[in-house]
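Chemist: The primary structure of each chain is shown beneath.
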Amino acid sequence: MQLEFRGATVNFATGGVQIDDSQPPVLMVHGAGMDRTVWSQQTRYLAHHGFSAMAVDLPGHGDSTGDLVSTVPEMADWLADLIRTLNFGPIRLVGHSMGCLIALEVAARHSDVTERLVLMGAAAAMPVHPDLLGAAERNEVLAPQLMTAWAHGSRAHIAGNPTPGLWMRSGCQALLERASDGVIHNDLSACNSYEAGDIAGQVQCPVTVIVGSEDKMTPPKATAQLVAGFDEVELQHLEGIGHMMMLEAPDQIREIVLAALR
Amino acid sequence: MVEPDYLKFDTLSLHAGQEPDPTTGSRGVPIYQTTSYSFVDTEHAAGLFNLEQPGHIYSRISNPTVAVLEERLAALEGGVGAVCTASGMAAFHLACATIMSAGNHVVASRNIYGGSHNMLNLTMPRFGINTTFVDPRDPDAWRAAITDDTRVLFAETLGNPGIEVLNVPVIAEIAHEHGLPLMLDATFTTPYLMKPIELGADIVMHSVTKFLGGHGIALGGVVIDGGRFDWAASGKFPTLSEPYDGYHGITFAEEYGHQALSMRARAEGLRDFGAAMSPSNAFHLLQGVETLPLRMQRHVENTSDVIEFLEGNDAVSWVSHPSVSTHPDHELAKELLPKGAGAILSFGITGGREAGRRFIENVQLASHVANVGDAKTLVIHPASTTHQQLSADDLTAAGVGEDLIRLSVGLEDPEDIIADLARALRASQKG
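For the protein sequence lines, the chains are X and A, in the order given.
Sequential numbering from 1 applies to the first sequence in this note's numbering.
Sequential numbering from 1001 applies to the second sequence in this note's numbering.
Calculated from the structure, these hints are not laboratory results.
Heads up, the beta-carbon is just placed ideally off N, CA and C, and yes, glycines get one too.
Where hints are given, some of them may not hold.
Said to hold, decoys possible - Restraint ranges, calculated between C-beta atoms of paired labels, are given here: (1) G182/X <-> T1396/A: 46 to 54 Å; (2) Q2/X <-> T1396/A: 46 to 54 Å; (3) G7/X <-> A1046/A: 39 to 47 Å; (4) Q1287/A <-> G197/X: 52 to 60 Å; (5) H1330/A <-> D181/X: 44 to 52 Å; (6) G1179/A <-> N87/X: 49 to 57 Å; (7) H1248/A <-> P90/X: 22 to 30 Å; (8) H237/X <-> E1003/A: 25 to 33 Å; (9) E1003/A <-> E234/X: 33 to 41 Å; (10) P90/X <-> P1169/A: 22 to 30 Å; (11) M1001/A <-> D198/X: 30 to 38 Å.
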């Protein structure tokens, strides 16, 4: 599905299903340097289980056009306006990594468009290693390599992709390599400079947070600090899983997300 | 500067794609000799059939043993996914059928395996897909042959049987300039000697039967998806970028992006054409892949010894291998194949066709078979076997002379290989 918005094209994956106004809407927001396809193991499933599932490409990512948005609060404002344009009313937001920060900002400052949050790979602060930031600024392949290496749990570096024939590590690296020059650096800079303050305390809707025990990018300790600030939160813990949990443990994630969204 | 802590090639050769079996703890890869898989319930079954969730349905489409090999080969090549097939030719057909339809066109190297040449030259035209063959060393010829209908450029990393080294970065750039993918048959190099995806290739295929298996006991093929080509942006690949009724309107590039080719090749190609690899063959081939780095190292060392012998033998008029300084691609091979240019070479025997026949009939250790890449040393006379369907003109164009002997150097003690060749060469000259 594509939509003209703010003078650019916004692209969504919808699980191969036409959006149906009568089904509750779910909007999935990807992380730094990535695109809608990180939700490939969830979008089609949700679309066939009673939801209008939309995995969005942020501006300048995937098949969405438009200028990159350089800060998390601005990304959140863009997303909130997009949700209003979609005209579904309050929406269920599912975020991953940088997508969590965007979803948190939307929920905190645009509560009229947010019904519920599901966050995976979440933390209030996402500092980025200076070597990674430097490689991203120079558009070096080292940036996708480092992100891929750190984003997966130890199991995913060997095996375990439930989709026959797919190799998780190269899948992640290829996805990041397809990002246009400047995209990864833009997003990592946005994460690195983001100051959440008491963002969790400003979120009024119910929140589900999923944490992987081997997440090196948003470690469980950092997730726990975020979780402590919510009024109403459910925490789900995945043992042996890293930051790319929706691909590392798609069956568990589908089950948790479906339960949370219902 | 930090480095990615990726597992290395030798480790992946042994481990990628497999964890100890969750039910039995089996450390070896179990052979899941089954046709079908029990569904949890009707909703689970529906979800699998509709690509809503991953899993096995029927072994024509996927099988746990085969999936280990697929994941391992994708890991070794640096691809996003792999689909194993019944043979290398099945892999070639699967890749072509997944991205092309009637009316499309291929630009291919003229120096390719006879079977691949036949498929492109004789069989695919019956289905409306035509091919222009070009000199793989001539970038201008590749460019000139591309038409509005072209959908893929195809070559072998090392040509057959002349062992031409493809300048992968250059040909990949030409392909990408035209919004096209480069597909390579990397059977002769294996990912140990060259990683074509890192050099710019988009699709890599192998006859796994050869060096990857290494033992000559099981047939198999694989298509590996590089994951870097943007099928939707190209606008030339409707099978990947437009809704497909076969799965209720799914658009593979939309849902799977960089993994669209892998997903469609399996979901449609194995489902409909059915050239699946058997789990037993996958098991056998996995045993070979586990020792791939060690074997390829030894293949290359033995090849070097054999070349040194052949170059000094009076019954040999020429030796063709990229490691030989007179080979036209010698410098390119040093750049693209730093670990060695493989274990397949050709040489010309003094005395032409008749001497060649006597040579073949007098080898004792080397086996006269229509195969390459075995652990054992193999010899063949291409003009009468692998390329026998080609016309005289096509033979000349493919660089196959009547005196040409193709040798696939095995893992025997190099002194024994050389002694066998020396004996047969002596006999060949006693006409």
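Chemist: Confirm or reject the claim that Q1287/A and G197/X have a C-beta distance inside 52 to 60 Å.
Modeler: Roughly 58 Å apart at Cβ, these two residues keep to the hinted range, so it holds.
Chemist: Looking only at beta-carbon atoms, does the pair H1248/A, P90/X fall within the given range of 22 to 30 Å?
Modeler: holds (29 Å)
Chemist: Could you check the hint for me, namely that M1001/A and D198/X are 30 to 38 Å apart, CB to CB?
Modeler: holds (36 Å)
Chemist: Note whether the CB distance of G7/X and A1046/A lies within 39 to 47 Å or breaks it.
Modeler: Since the Cβ atoms of G7/X and A1046/A sit about 41 Å apart, the hinted range of 39 to 47 Å holds.
Chemist: Given a hint of 49 to 57 Å, does the C-beta separation of G1179/A and N87/X actually sit inside it?
Modeler: 37 Å Cβ-Cβ, so the 49 to 57 Å window is violated.
Chemist: Between E1003/A and E234/X, does the beta-carbon spacing fit 33 to 41 Å?
Modeler: holds (38 Å)
Chemist: Taking 46 to 54 Å as the hint, is the beta-carbon distance of Q2/X and T1396/A inside that range?
Modeler: holds (53 Å)
Chemist: The hint says 44 to 52 Å between H1330/A and D181/X; measuring C-beta to C-beta, is that right?
Modeler: For H1330/A and D181/X the Cβ distance comes to about 36 Å; the hint is violated.
Chemist: Please test the hint of 25 to 33 Å on the beta carbon pair from H237/X and E1003/A.
Modeler: About 30 Å separates the Cβ atoms of H237/X and E1003/A, which means 25 to 33 Å holds.
Chemist: Taking 46 to 54 Å as the hint, is the beta-carbon distance of G182/X and T1396/A inside that range?
Modeler: This hint holds: roughly 51 Å between Cβ atoms.
Chemist: Check the following: the C-beta atoms of P90/X and P1169/A are separated by a distance inside 22 to 30 Å.
Modeler: violated (51 Å)
When held up to the earlier numbered hints, the structure conflicts with 5, 6 and 10 and fits the remainder.
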